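Participant: Residue numbers for the sequence shown follow my numbering, so the first one is -19 and each next one is one higher.
Hints were generated in silico from the structure; no laboratory data involved. All values derive from a computational prediction rather than experimental measurement. Do not rely on the hints blindly, as some may be mistaken.
What the hints assert, rightly or not - Pairs of lysine to aspartate or glutamate, EDC-like flavour, derived with a Cα cap of 20 Å: (1) K18 to D114; (2) K18 to E28; (3) K18 to D97.
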Amino acid sequence: MRASNSKKGMTLVELLITMSLCGLVLAASTGSLLFLAKSTRGLGNYQEMNMASRFALEDFGSDARMTSDVNSASDSRVSIEVYNSSGSTDTIVYSYDADAGTFSRTEGGVTRVLLEDVITLSLNYFNLSGVALDSSPNPLEVKEIQLQAEMYREVMQIGNTNEIISARFMMRNRRVSS
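Could you put together the complete structure from these sequences and hints?
Facilitator: So, in structure tokens, the structure goes:
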């Protein structure tokens, strides 16, 4: 029988080269995975902010269209009388808390937060002719209302911003003085 001198296996140089290439592939994959994770979370944030703003605008618009009277109005708060299903009215207050970054709806002493992570919000008012009123209008003149807001969330040191500009909601059941 003849002895074989061939040795199977890898040399130290081959092993180092293989490990270096595996390290480079792993580093590139990790960077791609982190990028995908940030992008996916950012898209999730946009989706959550858009959904919250749609629901908030739906509630706000529905109440604005059913408004029979405006009790008080400012650029960050409005108190309105809204017809309910029995034909009487309920007082509903929409307010923006800049410190908490929330936009809320209060009815019957129960407050529900409609929007979170709000960095700016303003309520704009218009008279019967469609002319813009100042930030603290005479409640007797208000016929239309518009909401503008900006939401901001940060994910993994990347900020996501959502700007909301509603249509003008006409207070259909509201009589105005001018």
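Participant: Taking the hints in turn, state whether each one holds.
Facilitator: Cross-check of the supplied hints:
1. K18 to D114: 42 Å, violated
2. K18 to E28: 15 Å, holds
3. K18 to D97: 19 Å, holds
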